[in-house]
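Given the sequences, and given the hints that come with them, work out the whole structure.
Each chain, letter by letter, is given below.
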Amino acid sequence: MRSDRVRLIVSLALLVAAVVAMLLPGGRPATGIAKLFSRVKLGLDLSGGVRLEYRVDIEKGTENPSAVVDDVWTVLRNRLDSAGYTEAVVKKSFRENNSFIIIEIPDATDTTKAEKLVGSTGLLWFGQSVDERDTDPTLNPDDVNLALREGAQWYPDKDGKKWYLIKKEINNRKDLTLSGPRIIEAVPRIDQKGVAYYVVSFTLDRQFVEIFKNITKELYVPEQVLGAGSTQYQLALKKRLAIVLDDKVQFVGFVVSPIEDGKGQIRGNFTFDEAKELAAILRSGALPARLEKTTASLVSPTLGKDVLQQSLNAGIIGAILVMVYMIIFYGVMGIVAVIGIFYALIIIFGFLSGTGAILTLPGIAGIIFTIGTLVDGNIIIYERIKEEIRAGKTPKAAIEVAFSRTLWTLFDANLTTIIAALFLYYFGTGTIKGFAITTIVGIFASMFMNLVFSKFLLDAMSGAIRVRKAGGAQ
Amino acid sequence: MKIDFVGKRNYFIALSLVLIVVSLISIFTKGFNVGLEFIGGSELVIKTTDNHTVADVRSKISGIRPEFEKARIIEVHALGQADQRTFSILVSPKDEKGALRTYNAEEKAEISSKVEEALNGKVVSFNEVSGDAADEIKNLTWKAVVFTLLGILVYVALRFKFAFGIGAIIALIHDVIITLGFYSIFGIEMNIAAIAAVLTLVGYSVNDTIVVFDRIRELGRKFKGKDIASVVNDSINSIIIRTINTSLTTFFTILMLLLLSTGSIKSFAFGMTIGVVIGTYSSIFIASPIVIKWVKSI
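So the protein sequences, as listed, match chains A and B.
Residues in the first sequence are numbered consecutively from 4, following this note's numbering.
Residues in the second sequence are numbered consecutively from 2, following this note's numbering.
In case anyone wonders, no lab produced these hints; they're calculated from the structure.
Since the model is a prediction, treat every value here as computed from it, not as a measurement.
Be aware that a few hints might be false.
To be verified - Going by beta-carbon spacing under 10 Å, a handful of chain B positions derived as facing chain A: (1) Leu101; (2) Glu129; (3) Ile189; (4) Tyr205.
Heads up, the beta-carbon is just placed ideally off N, CA and C, and yes, glycines get one too.
Spelled out as structure tokens, the structure:
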């Protein structure tokens with residue numbers, strides 16, 4: 004049948020895509036069957052990862068130190084979440100009158116990226132750049148004096164290759180400073196001017212929009228001035244807006260139109276990852292205390308390797324029992340169910356490999372659950388087929404009727420589950436998200452298997468389906 | 002052979018009410034045996050040159066104190082120290098009321114020397130840490146719960162009838178409360194794995210209820226005008242083999258896990274075992290009677 008050929012082609016295409024995603028290079032080193040899963044990122048509970056410990060440097064005399072630690076915790080949690088480390092764990096620890104923050108990041112082998120994200124204080128401020136140098140000006144007495152005269156300070160850029168002389172008070176107006184504003188939105192975007200790079204565009208909280216508008220008005224330079232005579236240009240050079248994060252200059256540029264909506268952009272030839280991290284830091288706000296790194300180490304699975312092995316064994320035995328039961332109870336049709344289980348598993352792991360989503364213990368729970376719904380879907384279809392055959396239809400006709408009748412049953416049952424999982428994904432964090440992801444993917448995979456690939460397989464095997472008048476099939 | 006499922010529905014509703022009340026009482030008075038992932042505890046870090054595996058460490062230290070049986074043991078590879086093994090052992094000591102307590106200095110010294118003896122190593126630190134999963138629950142606030150329930154209600158109401166949506170949601174809440182009640186009554190540890198089990202139960206319960214509803218919808222259309230109670234009873238009877246087979250296959254996997262696993266996975270297997278039974282029961286005896294009560298005809 005023509006429609007069966009379409010079903011086969013679509014099913015095989017999906018299978019090939021999943022296998023390719025699993026076999027792409029870049030996974031953990033592995034041999035044999037394990038190679039298939041080498042690209043699946045595992046959570047801290049399953050694979051271990053990097054553990055960083057920081058001492059929270061709380062100023063003496065702070066009224067409520069534990070509140071500061073709580074704030075630090077919240078900022079770091081937000082930062083890790085918005086940089087995509089949703090599975091990272093942030094813990095507080097106390098010893099010898101000191102507070103510590105422990106961060107555990109799953110499946111990571113390199114600590115530098117995470118350290119940059121966590122270690123950054125995240126204090127953002129805006130200033131006026133009045134001069135710049137290509138060599139370290141703090142070593143040059145003339146430049147040091149210049150800074151004193153201007154009432155400004157030299158700050159290096161993020162690569163440490165350029166230095167800018169920056170005033171915090173715009174045009175020496177005490178009322179025009181902007182430090183540590185709340186940022187309601189910060190997202191990485193493709194740089195419209197230099198296609199290969201990314202910029203970070205941000206939106207200030209409403210209460211900072213007015214001051215930002217006044218600052219940009221004060222620093223406003225008409226565009227024609229930039230092209231005009233050199234004296235005017237030299238004057239304009241002293242009126243550039245500087246965006247500084249953690250005392251490192253992120254951006255210096257002319258304000259060619261006053262910004263009234265509190266929206267701005269930081270350009271700086273960022274890669275996507277750099278832009279994403281910078282956006283995460285901006286969004287989560289500044290840390291209320293400095294962090295001092297005390298240890299960095301790699302840790303083994305938090306669930307315990309012994310526990311993992313037992314669970315894996317239990318899972319395999321359980322799966323075999325299910326398969327045997329299905330074949331005993333449904334005969335030839337049971338074989339389709341067995342093929343379906345393997346098919347759905349490959350699709351799920353292909354998706355995890357391809358997207359880099361992290362697999363945790365709740366994620367595995369999600370997979371077990373979706374395999375359950377897959378088997379359930381099979382059972383619903385097979386019971387229907389048996390019913391129709393008992394009512395006197397040929398196996399081929401029974402399959403047709405059974406599929407058209409059960410289509411909406413499975414559709415409603417699965418879509419309701421997906422709706423629930425979507426809300427869990429949206430509102431949950433960390434491990435709950437992990438459960439939601441595998442559930443959503445798994446349900447789609449099992450729905451596809453049940454409604455498309457099984458139909459093809461059953462049609463192909465219809466000649467071998469036998470049904471006794473009552474009870475099981477043979 | 003036809004079984005009268007709906008005729009005795011009031012008995013089952015009464016049974017469920019009893020279970021729910023008992024569960025709620027236990028949850029609010031006895032509370033949960035909260036695992037160290039949520040409440041944290043005391044972390045002991047030991048360095049040793051002996052070649053222990055995590056399983057060795059577990060068997061060697063489990064006798065020290067009751068809470069050590071459920072210790073979270075992690076091997077830490079300190080960067081640049083290949084010849085030494087470092088283990089982090091996290092335990093949650095509880096007082097008589099089941100609340101987390103901290104060890105006093107003498108207890109710490111005593112435990113340290115016992116662990117050092119058992120593993121032939123040196124304890125390098127022993128301090129209190131916060132739980133790392135507490136935020137999971139804090140973040141899964143009423144918003145998530147309300148919106149998830151609302152999402153299910155709206156979808157089921159649109160695809161079926163409003164009463165079906167109410168039935169599905171009440172069955173769901175019923176299942177979650179009773180499962181949580183079992184955790185509380187039997188003192189099974191509440192941890193991330195238990196949360197995963199409850200989440201899985203949510204999916205299972207909804208899925209199972211919808212399959213029953215679908216059959217009620219189909220038979221209701223086929224036999225228009227027939228008494229709703231007998232339509233529901235016929236529906237349940239016509240898919241009873243499917244219900245049994247699905248529950249059994251799920252049960253196999255979970256039972257294996259319950260028998261063969263230890264530690265936090267056992268909490269998962271426990272919740273799933275209860276969940277499968279309760280989820281199947283509620284779609285037949287709770288969700289369907291609500292539909293009978295509210296709907297005169299399909």
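Evaluation of the provided hints:
Using the Cβ-Cβ criterion of 10 Å, the hint placing Leu101/B at the interface with chain A is not satisfied: the shortest such distance is roughly 14 Å. Nearest Cβ of chain A to the Cβ of Glu129/B: about 6 Å, under the 10 Å cut. The hint holds. A distance limit of 10 Å between C-beta atoms decides the matter here; for Ile189/B the minimum to chain A is near 16 Å, and the interface restraint is violated. The interface hint given for Tyr205/B holds, since its Cβ lies 7 Å from the closest Cβ of chain A, which is under the 10 Å cut-off.
In this structure, the hints that do not hold are numbers 1, 3, in rising order.
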